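Asker: Sequence:
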Amino acid sequence: MNPIKITTPIHQANWVVGGGAQFWAYLSPENDTSKMITQWKVTFSQGNWSDSISNENPTKQLKTPGLSGIFDIKIETLSGSTGTWRAIPPKDGSKNQIGCNSNCAAMVGIVADSTSPAPGAINAHFWTVWDAFCKSGAE
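Note that my numbering gives residue 61 to position 61 of the sequence shown, counting from 1, and the numbers run on in steps of one.
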């Protein structure tokens, strides 16, 4: 597996971590991902809590209400050929879960597989970065 280099800066907002796990989504520039995957959604859930980040607000910083631990994630793209939402599979080493402590932020990245996909192909994979950055000290 070739590692994916993040060559563009993370959304330049003021991140204040603490008080609950936080998440963001990242579209890789590899294979013109933002042009190839135009409608996407990342849903995070744990117990009765659920929220999502999508192409409608791609720089959303999602903060949980004091939660931490393992979260289930579902990453989907809208298929242009079928008009249905389809699950994006994980890259090797990732799965449909992400871990994040209450004093940290974690990331889900999406990358297109090709700039000329076969008709009906999902054409993307995702990866996760658990506890990508944290505030020092436990809460």
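In case anyone wonders, no lab produced these hints; they're calculated from the structure.
Model, not experiment: these values are computed from the prediction.
Hints may be right or wrong, so weigh each one.
[Claimed, not checked] Mimicking DSBU-like on lysine-lysine, the simulated pairs with C-alpha atoms at most 30 Å apart in a straight line are:
hint: 1; residue 1: 95; residue 2: 63
hint: 2; residue 1: 63; residue 2: 35
hint: 3; residue 1: 74; residue 2: 91
hint: 4; residue 1: 74; residue 2: 35
hint: 5; residue 1: 63; residue 2: 91
hint: 6; residue 1: 95; residue 2: 35
hint: 7; residue 1: 135; residue 2: 63
hint: 8; residue 1: 60; residue 2: 35
hint: 9; residue 1: 135; residue 2: 91
hint: 10; residue 1: 60; residue 2: 91
hint: 11; residue 1: 60; residue 2: 135
[Unchecked claim] With beta-carbon atoms standing in for the labels, derived distance ranges:
hint: 12; residue 1: 95; residue 2: 16; range: 38 to 44 Å
hint: 13; residue 1: 114; residue 2: 48; range: 37 to 43 Å
hint: 14; residue 1: 59; residue 2: 115; range: 21 to 27 Å
hint: 15; residue 1: 16; residue 2: 121; range: 36 to 42 Å
hint: 16; residue 1: 117; residue 2: 95; range: 31 to 37 Å
hint: 17; residue 1: 119; residue 2: 65; range: 20 to 26 Å
hint: 18; residue 1: 136; residue 2: 66; range: 15 to 21 Å
hint: 19; residue 1: 69; residue 2: 114; range: 31 to 37 Å
hint: 20; residue 1: 51; residue 2: 117; range: 35 to 41 Å
hint: 21; residue 1: 136; residue 2: 116; range: 42 to 48 Å
hint: 22; residue 1: 133; residue 2: 81; range: 33 to 39 Å
hint: 23; residue 1: 92; residue 2: 135; range: 26 to 32 Å
For every residue, glycine included, the Cβ atom is placed at its ideal position computed from N, Cα and C.
Asker: Next, verify each hint and record whether it holds.
Answerer: Status of each hint after checking the structure:
| no. | hint | result |
| --- | --- | --- |
| 1 | 95 with 63 | 21 Å, holds |
| 2 | 63 with 35 | 27 Å, holds |
| 3 | 74 with 91 | 14 Å, holds |
| 4 | 74 with 35 | 21 Å, holds |
| 5 | 63 with 91 | 25 Å, holds |
| 6 | 95 with 35 | 25 Å, holds |
| 7 | 135 with 63 | 14 Å, holds |
| 8 | 60 with 35 | 19 Å, holds |
| 9 | 135 with 91 | 28 Å, holds |
| 10 | 60 with 91 | 23 Å, holds |
| 11 | 60 with 135 | 19 Å, holds |
| 12 | 95 with 16: 38 to 44 Å | 29 Å, violated |
| 13 | 114 with 48: 37 to 43 Å | 38 Å, holds |
| 14 | 59 with 115: 21 to 27 Å | 24 Å, holds |
| 15 | 16 with 121: 36 to 42 Å | 40 Å, holds |
| 16 | 117 with 95: 31 to 37 Å | 23 Å, violated |
| 17 | 119 with 65: 20 to 26 Å | 42 Å, violated |
| 18 | 136 with 66: 15 to 21 Å | 19 Å, holds |
| 19 | 69 with 114: 31 to 37 Å | 35 Å, holds |
| 20 | 51 with 117: 35 to 41 Å | 29 Å, violated |
| 21 | 136 with 116: 42 to 48 Å | 46 Å, holds |
| 22 | 133 with 81: 33 to 39 Å | 38 Å, holds |
| 23 | 92 with 135: 26 to 32 Å | 30 Å, holds |
Against the hints set out earlier in the document, violations occur for numbers 12, 16, 17 and 20.
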